[in-house]
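Asker: Please arrange chains X, R and H on chain D, whose structure you already have, making use of the hints.
Protein chains: 4
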Amino acid sequence: MTKVGIIGATGYAGAELVRILCDHPQIKLTILSSRQYVDVKFEKIYPSMTNVTDLVCEELSIDKMCEKADVVFIALPHKLSMKFVPELLARGKRVIDLSADFRFKDAKTYEAFYQSHTAKELLEISVYGLSEIYFEQIKNATLVGTPGCYPTSVLLPLVPLLKSNLIDVNTIVADSKSGVSGAGRSLSLTTHFCEVNESLKAYKIAEHRHNPEMEMVLSLEAGRPVKVTFVPHLVPMTRGILTTIYSNLMEKTSFEEIKNCLTSFYSQRPFIRIFPADRQPDTRYVRGTNFCDIGIKVDERNNRLILISAIDNLVKGAAGQAVQNMNIMFGFDEVAGLSAAPFPV
Amino acid sequence: MTKVGIIGATGYAGAELVRILCDHPQIKLTILSSRQYVDVKFEKIYPSMTNVTDLVCEELSIDKMCEKADVVFIALPHKLSMKFVPELLARGKRVIDLSADFRFKDAKTYEAFYQSHTAKELLEISVYGLSEIYFEQIKNATLVGTPGCYPTSVLLPLVPLLKSNLIDVNTIVADSKSGVSGAGRSLSLTTHFCEVNESLKAYKIAEHRHNPEMEMVLSLEAGRPVKVTFVPHLVPMTRGILTTIYSNLMEKTSFEEIKNCLTSFYSQRPFIRIFPADRQPDTRYVRGTNFCDIGIKVDERNNRLILISAIDNLVKGAAGQAVQNMNIMFGFDEVAGLSAAPFPV
Amino acid sequence: MTKVGIIGATGYAGAELVRILCDHPQIKLTILSSRQYVDVKFEKIYPSMTNVTDLVCEELSIDKMCEKADVVFIALPHKLSMKFVPELLARGKRVIDLSADFRFKDAKTYEAFYQSHTAKELLEISVYGLSEIYFEQIKNATLVGTPGCYPTSVLLPLVPLLKSNLIDVNTIVADSKSGVSGAGRSLSLTTHFCEVNESLKAYKIAEHRHNPEMEMVLSLEAGRPVKVTFVPHLVPMTRGILTTIYSNLMEKTSFEEIKNCLTSFYSQRPFIRIFPADRQPDTRYVRGTNFCDIGIKVDERNNRLILISAIDNLVKGAAGQAVQNMNIMFGFDEVAGLSAAPFPV
Amino acid sequence: MTKVGIIGATGYAGAELVRILCDHPQIKLTILSSRQYVDVKFEKIYPSMTNVTDLVCEELSIDKMCEKADVVFIALPHKLSMKFVPELLARGKRVIDLSADFRFKDAKTYEAFYQSHTAKELLEISVYGLSEIYFEQIKNATLVGTPGCYPTSVLLPLVPLLKSNLIDVNTIVADSKSGVSGAGRSLSLTTHFCEVNESLKAYKIAEHRHNPEMEMVLSLEAGRPVKVTFVPHLVPMTRGILTTIYSNLMEKTSFEEIKNCLTSFYSQRPFIRIFPADRQPDTRYVRGTNFCDIGIKVDERNNRLILISAIDNLVKGAAGQAVQNMNIMFGFDEVAGLSAAPFPV
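Residue numbers (this note's numbering), protein chains in the order written: chain D, 1 to 345; chain X, 1001 to 1345; chain R, 2001 to 2345; chain H, 3001 to 3345.
Treat the hints with care, since some could be wrong.
[As the list claims (entries may be wrong)] Taking lysine-lysine and the DSSO-like style, the derived pairs with C-alpha atoms no more than 27 Å apart in a straight line are:
#	chain 1	residue 1	chain 2	residue 2
1	X	K1044	H	K3259
2	H	K3204	R	K2259
3	H	K3259	R	K2227
4	D	K44	R	K2259
5	X	K1252	D	K227
6	R	K2044	D	K259
[Stated by the list, open to error] Covered by chain D, according to a simulated footprint, are these stretches of chain X (three or more residues, beta-carbon under 8 Å):
#	segment
7	1193-1200
8	1226-1234
9	1240-1249
10	1274-1284
11	1299-1307
Worth flagging that the hints you see were computed from the coordinates, not collected in a lab. Using N, Cα and C, we set each Cβ at its ideal position, and we do this for glycine too.
For reference, chain D alone in the conformation it holds in the complex (with noise of 0.2 Å):
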């Protein structure tokens, strides 16, 4: 059974990481890292494990790592995780980033956006990890950076209409709201209760970088410049991203010919779902899975298309798709550990 370590396990997403993987069938999860809460129990920094999982959280040593894990994920912050691929790869471990350090295949824009990079010769290697679109990359590669969660929810339902050249690169607006676990554990005014609740803003507008990480992959799989309008908006619920997309038609185009267009392009794909004409996607939908729902709306009166997706930032925004990811990577099936049906309310 494929042995699996978590550095940074006491995060949301590496909690997350924990829940999922606690269930997963194809694995034993088998070391946990934390900075925060060494010697500690899991279940006594997240209560709800009590009796679900016996693991204490250690110090990081890379050594014991190696030893206890087949597979490790990374789920740090930014910076911090580059510190510690390296090693890890040159063990023969295979490594699933979750932070923004080896998503880039250019070091130059990440230390636009981020900060000096100090492992740039394994950005080479290293696998965008957007599942649905890097499948086949994603199955051999040693080293996976996944994506971020509002990158996900926009790159997912534009990608395979820019394939078909549907839409005007240069009208692109992407409006996002997200969930404030996307702003993760860190103690900040922004996620104090009170000034949350009863609360909707936007913020870091047109300037947030995921917008460099999105155009990147938009323009690679555009075969040309793609930039995007992208302004994300801060929603008072725990979990989930909606983000509406506005493009120019390039022409006339049908609601049927763009559902085709995506239907087709995700047949084998088991968790995007294509939503039909009277139905549109709500962040409650895919709230706890690796779901992501698209909703398709042309607006012929203005020949622009709109174009809805909804995900769990925690799940297929970070680590639902870092493990759909191992499942592909260790030829699991793809939907191992995710496939637990979904709450009504």
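Answerer: Frame of chain D, contents of chains X, R and H only:
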């Protein structure tokens, strides 16, 4: 002292009128009608008003309404309003209607999106009650059609820029997010707590009937046809609308130029707050107030302008703007009854 | 493979049954009935279930139900259930009912708080489905009445202590706080988002019909009459019940003695988690799970014991406990279908 | 016009004072101090106040405070307050303190639950600012210690009944449920949105330091020792406390007798609303107001009285009661600045 009556006092907009008018220093609220709660004390329906008002809801009688009130607010659903307005006007009352019945100059547009209009002759004399834009006409109006909540949030930031020809009228997208009180107090699965909580979705995508309303006013003010792709979303909070508006700039324009255009246009209007570059609107900042906050961001990379507006849908989006219009009509201080300081949280 | 049918599959408890049973490894969900949604695909009513189940809701036919199912869950409102149970039993089916119809041994108590009972003869064979307490009887039951959500949260902490004669039966107060899904999916002003959000209130104070249910079981287990002052409250969240129970101790008793009593009583039961002194239950820790968490505090100054229990009202308080009972009845692993790890947030 | 200063204006209680005092007709708010935001405009910290106040937060200078203010509100954390009060009093200022520093007559009780007291000599002259109970003493007070939020919600319903000897003082249990703003604006995991949302838990069970405060006042008013088992809970909402109080009745007593006792006791006090038998308090009804609503239920079966009180923890539980006390001290209308009608939702 001016005497005021409300027809339809027990829906959310009606109850918000009661709240505001109970505190208004220059009027006396004398009569409330309700279809659903005849002969019931208002405080029984809204126990928050215990000891605040002794008014009892009555069955609607135009005679009694005219006897007791100098000015009548109507907070009935669309279609019902136009049945009562003609007689109220005939008896010399001034009427402030919160439904869509008297917002449109053109009966055809109304009839295309609502139903047949039975008081078309009054559309000519009715004034569209967007207080800051039609201030002069409102002064002498006998009949005011209070704007919809979404149009208010879209029009206030856009009108000055369109009049100054700063933005490309063919590129306007308005992405609105609304709290649940906008859907009113009527029961529906859409407003059931468990269906809204931890949920986020778009609805009536590019098909909402506030869309023609905003286009009518924008076209009029711009002096040429303006189209808007408008998508409303439902957010798990009670009050507030945040609207994010995207449009291409006619030419390179700075933040300061946009800000100056808005600031000078609204320099005499107390309820419009144009935010500096380091501050962005949040529905929480306007909760319970008649303010419309406007934030500005120039997306230079894409030569696109992003405007963000925030209002309380029940105040500036309904009852508050209606009272503001009364203040203008009767020569009261524009902020009378509407000047309470907002809550910190 | 055991075949399972659900009567009343589209309310929240029914839909939660669908969710759990879709993932259950030892049964096959074969038939759903619904009064409201005849011939509608389940995923159309609950779009979260898109691609998860293909089942279509049918009009209830006892013939068809008996043909397709070995065991039948009934998630109908009180009173409707007893119309169908006799025939299902007569045809040899085992029935797990979620209504109050088969919870009471004594028809008189039922009739005092609900309505007249039309299948009294079955009360004798019916087993009260509080899984941990009536485990042995449930094994061979043909008819199980699943406990109410509030009684479950009150009984599980109290029964062992009453049996050990540790608390004064004349001093029990149970203060329960429930999420809104407990009120079901039916429309009412009480469950309208704007009426619940940012709201907190008690209801049916000392008059709730779960009160006689909990007293019946407590009296039976204590071997003498036990009365409870029970006050339920409605809290702005979707799922979860937290119950705080106050009672005088018979004599000075330590935290450890209380804990030992509970721990030893439940040592073989996988869903009861007795918390240590430094941890207290939170509905968030049991969200989506079948756990009942119990916290203990001895108020030495007043010789009073404070017990706190947390359950998910739709799982351990309804559908989950019903499935647990099926597992017990059919000799499946007690946790089958109910073992998914809880969410960190 | 009376000039008012606030020390500690940027926490939630301080900011609520700013809100209320900005609208107060008989005073002028002249000076704000803040440790954290020296020389920052108040509207920058609370953008809701844009265009409402131009005040700038200053570093605390007692000289300047005394020069600019006739009365000083202190909204600092416990312990800090007592450092400044002696000098303010020495300079002839009247002081209304919102911390616990001047609530206790007995320094020992304070020191047992807080820390050592450095201004004990002032405890004798300090008046406990529970406005309705200590109205006469407050009139001439130079120093008022504003009650804690929980004690306010417990004391107002209980004091009249204890004075009338209607309830058994050995049986009192107070189960309080509070919104999150009661925990203040300081950052902690406990107030992180994702940890509170969809969550419900008890905390500091029978150990909260508001417990001795309520017992002190109850004992004083009852004329003999009164003990309370007090359990606070945290609820996912911003504002509001609902307290459910259980106690045995001394003898059979009717709803009307209880109601008359409360109604006559509070007949001259504008902020206490005693509800009729068919209406129960809801925190939503008092949101943003200085009301304390009280509901009554006699549990005849158990000869137990259930009292339910609702307040807004930031208003009647803190800033509002402090302003009410100022009104009493300065001979203003008791409701000045506190009479805005509540929101319907």
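Asker: Now tell me, hint by hint, if it's right for this structure.
Answerer: Here's how the hints hold up against the structure:
For the proposed pair K1044 of chain X and K3259 of chain H, the alpha carbon gap of about 18 Å is at most 27 Å, so the pair holds. Straight-line distance between C-alpha atoms of K3204 of chain H and K2259 of chain R comes to about 19 Å, which keeps the hinted pair within the 27 Å bound. With a C-alpha separation of about 25 Å, the suggested pair K3259 of chain H and K2227 of chain R falls inside the 27 Å cut-off, and the hint holds. The hinted pair formed by K44 of chain D and K2259 of chain R meets the criterion: a straight-line CA distance of about 18 Å does not exceed 27 Å.
With a C-alpha separation of about 17 Å, the suggested pairing of K1252 of chain X with K227 of chain D holds against the 27 Å cut-off. The suggested pairing of K2044 of chain R with K259 of chain D holds, with an alpha-carbon distance near 18 Å, which does not exceed 27 Å. Counting residues of the segment 1193-1200 of chain X whose beta carbon lies closer than 8 Å to any beta carbon of chain D gives 6, which reaches the threshold of three, so the coverage claim holds. With 4 residues having a Cβ less than 8 Å from any Cβ of chain D, the segment 1226-1234 of chain X passes the three-residue criterion, so the hint holds.
Using a Cβ-Cβ cut-off of 8 Å, 4 residues of the segment 1240-1249 of chain X lie near chain D, which meets the minimum of three, so the contact claim holds. Evaluation of the coverage hint for the segment 1274-1284 of chain X: fulfilled, as 5 residues show C-beta separations to chain D shorter than 8 Å, against a requirement of three. With a threshold of 8 Å between beta carbons, the proposed coverage of the segment 1299-1307 of chain X by chain D holds, since 5 of its residues qualify and at least three are required.
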